Amino acid sequence: MARRTRGSLMRVAVPVKALAHRFGLFLLLLSAMALMIVSRVDPDTAVDLRNGVIDTTEPILDALSRPVESGNRIVAEIDSMLALREKNAELRLAIDRLKRWELVARRMEAENAALRGLLNLRVKSKPSFVTARVIGDSGSAYVRTLLANVGAVDGIVQGQAAITGEGMVGRVVEVGRRASRVLLVTDLNSRIPVVIESTRQRAILTGDNTDTAHLAFLPRDAQITVGARVITSGHGGVLMPGLPVGVVSSITDGVVRVQPLADLGRIEYVRLVAWEGPRFEVLPEPAITNEAEGAP
Amino acid sequence: MRTAPDLWHHIESGLRASLPVTLALLLTLVCTLPVGPPGLGQIMPALPMICVFYWTVYRRDLMPLVATFVIGIAHDSLSGAPLGGSAIVLLTLQGLAARHRRFFHDKNIAVVWASFVALVAVVQSLGWLIASFYHLQALPLMPAIFQALLTMALYPVITLPFGVILRELLQPLPVVPR
Numbered sequence: 003m004a005r006r007t008r009g010s011l012m013r014v015a016v017p018v019k020a021l022a023h024r025f026g027l028f029l030l031l032l033s034a035m036a037l038m039i040v041s042r043v044d045p046d047t048a049v050d051l052r053n054g055v056i057d058t059t060e061p062i063l064d065a066l067s068r069p070v071e072s073g074n075r076i077v078a079e080i081d082s083m084l085a086l087r088e089k090n091a092e093l094r095l096a097i098d099r100l101k102r103w104e105l106v107a108r109r110m111e112a113e114n115a116a117l118r119g120l121l122n123l124r125v126k127s128k129p130s131f132v133t134a135r136v137i138g139d140s141g142s143a144y145v146r147t148l149l150a151n152v153g154a155v156d157g158i159v160q161g162q163a164a165i166t167g168e169g170m171v172g173r174v175v176e177v178g179r180r181a182s183r184v185l186l187v188t189d190l191n192s193r194i195p196v197v198i199e200s201t202r203q204r205a206i207l208t209g210d211n212t213d214t215a216h217l218a219f220l221p222r223d224a225q226i227t228v229g230a231r232v233i234t235s236g237h238g239g240v241l242m243p244g245l246p247v248g249v250v251s252s253i254t255d256g257v258v259r260v261q262p263l264a265d266l267g268r269i270e271y272v273r274l275v276a277w278e279g280p281r282f283e284v285l286p287e288p289a290i291t292n293e294a295e296g297a298p
Numbered sequence: 220m221r222t223a224p225d226l227w228h229h230i231e232s233g234l235r236a237s238l239p240v241t242l243a244l245l246l247t248l249v250c251t252l253p254v255g256p257p258g259l260g261q262i263m264p265a266l267p268m269i270c271v272f273y274w275t276v277y278r279r280d281l282m283p284l285v286a287t288f289v290i291g292i293a294h295d296s297l298s299g300a301p302l303g304g305s306a307i308v309l310l311t312l313q314g315l316a317a318r319h320r321r322f323f324h325d326k327n328i329a330v331v332w333a334s335f336v337a338l339v340a341v342v343q344s345l346g347w348l349i350a351s352f353y354h355l356q357a358l359p360l361m362p363a364i365f366q367a368l369l370t371m372a373l374y375p376v377i378t379l380p381f382g383v384i385l386r387e388l389l390q391p392l393p394v395v396p397r
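Residue numbers (the numbering used here), protein chains in the order written: chain B, 3 to 298; chain V, 220 to 397.
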């Protein structure tokens with residue numbers, strides 16, 4: 003009797019288990035789809051989940067990325083050793099050129115300070131920087147982001163610009179406790195208000211998941227040449243104005259493409275720029291001094 | 220009462236059984252690391268695909284569907300991609316691999332690899348479609364193709380240690396004829 007009950011139980015249980023298994027796949031696929039829809043409709047809930055995962059894995063990623071970084075550096079080191087002579091000649095030329103620029107810059111700095119003094123203008127906002135190590139990049143074919151090893155505890159807030167020595171690379175879109183995500187300027191979702199440095203024409207630098215970004219909302223009669231520098235405009239008050247982003251690399255059929263100044267493929271460190279919008283103040287009475295910031 | 224060696228045996232076998240999922244999660248992390256020669260840029264092989272496929276073929280019991288789901292969500296969270304996209308891709312891959320599991324039994328690595336190549340082509344196309352739908356525009360194809368090719372090419376390299384683990388620490392699951 004007992005054996006028969008067990009036998010009939012098994013006869014029921016096995017197909018139920020098989021059904022559960024098949025249904026399980028269906029159910030999980032459905033939940034994944036639901037999650038996608040939720041993260042599309044209400045991105046904030048998705049951000050919390052993401053930040054949780056990133057914060058949990060940050061120590062592991064940090065530890066794992068160190069040997070990777072050393073490896074990358076050794077490769078770069080060997081690379082530069084092989085091209086030592088050419089590099090040397092190249093650098094000599096660059097130093098000559100930069101020395102001339104230094105003179106120009108010093109003159110302009112003095113002139114700038116003098117003019118500010120004349121105008122009694124005091125710019126209150128001063129950027130401050132947090133330097134972060136890149137502990138991860140997206141590893142996905144559909145997004146272009148970086149993970150940096152600083153977060154809310156280091157004073158990072160959403161919207162800050164991420165720069166390297168060459169120029170701006172992206173901005174902070176998600177901030178965890180100890181890690182944050184930088185959306186690169188070439189990502190599909192990246193929109194940066196910019197101006198063409200020489201002509202001061204405004205545009206929106208728009209990423210499209212390729213290696214370059216393009217300029218949107220550019221006036222039809224805009225005069226743009228290949229090689230023109232593109233810098234952040236600061237419009238919208240989120241990003242610091244004047245950060246170099248890229249140079250115009252091609253203009254085809256009215257589409258202006260911009261090559262980022264930084265090599266987005268190999269970024270080891272980024273600086274995150276904390277900046278409060280400008281507050282210009284004109285002093286009550288004219289002071290005839292040349293001090294840029296010393297006036298009351 | 221359970222004796223100490225008995226308990227130890229349980230812990231040990233538990234640890235062994237968790238190896239496939241642990242390895243898959245670890246390789247998901249490795250995917251996010253900023254490695255790569257210049258020019259490769261941000262494209263990394265989809266290592267979780269290799270893990271999910273391999274363990275589904277050889278030890279389906281040690282790669283439960285829920286684990287695959289979690290691996291997918293972890294991958295999406297780390298990469299910044301739309302949440303759920305990787306989970307759908309990995310679950311589809313697992314579903315397809317499980318369906319043809321009997322076919323892989325006793326086949327040599329070349330056949331299994333060739334099947335993996337075919338399945339990756341299918342699920343990567345699915346992934347591209349999902350991402351394009353999500354963003355409501357056709358995404359560039361090249362990164363997706365490049366990632367798929369890298370994943371296909373790396374299959375024998377990544378699964379080499381898996382084979383050792385399977386032989387030395389786990390037993391291949393016998394295939395019960397229908």
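There may be inaccurate statements among the hints.
[Claimed, not checked] Quick list of the computed label-pair ranges, beta carbon to beta carbon:
id: 1; chain 1: V; residue 1: Leu379; chain 2: B; residue 2: Met35; range: 43 to 53 angstroms
id: 2; chain 1: B; residue 1: Thr227; chain 2: V; residue 2: Pro380; range: 22 to 32 angstroms
id: 3; chain 1: V; residue 1: Leu373; chain 2: B; residue 2: Ala78; range: 48 to 58 angstroms
[Stated by the list, open to error] 25 angstroms max Cα-Cα, derived SDA-like pairs, lysine to any residue:
id: 4; chain 1: B; residue 1: Lys19; chain 2: V; residue 2: Gln390
id: 5; chain 1: B; residue 1: Lys19; chain 2: V; residue 2: Val240
id: 6; chain 1: B; residue 1: Lys128; chain 2: B; residue 2: Arg99
id: 7; chain 1: B; residue 1: Lys128; chain 2: B; residue 2: Ala154
id: 8; chain 1: B; residue 1: Lys89; chain 2: B; residue 2: Thr166
id: 9; chain 1: B; residue 1: Lys19; chain 2: V; residue 2: Pro391
id: 10; chain 1: B; residue 1: Lys19; chain 2: V; residue 2: Asp280
id: 11; chain 1: B; residue 1: Lys19; chain 2: V; residue 2: Leu369
id: 12; chain 1: B; residue 1: Lys19; chain 2: V; residue 2: Ser237
id: 13; chain 1: V; residue 1: Lys326; chain 2: V; residue 2: Leu369
id: 14; chain 1: B; residue 1: Lys19; chain 2: V; residue 2: His324
id: 15; chain 1: B; residue 1: Lys89; chain 2: B; residue 2: Val249
Derived by calculation from the structure, the hints in this document are not laboratory data.
The structure presented is a predicted model; accordingly, all values stated were derived computationally and were not measured.
For glycine and all other residues, C-beta sits at the position ideal for the given N, C-alpha and C.
Hint numbers the structure violates, sorted upward? 1, 2, 3, 6, 11
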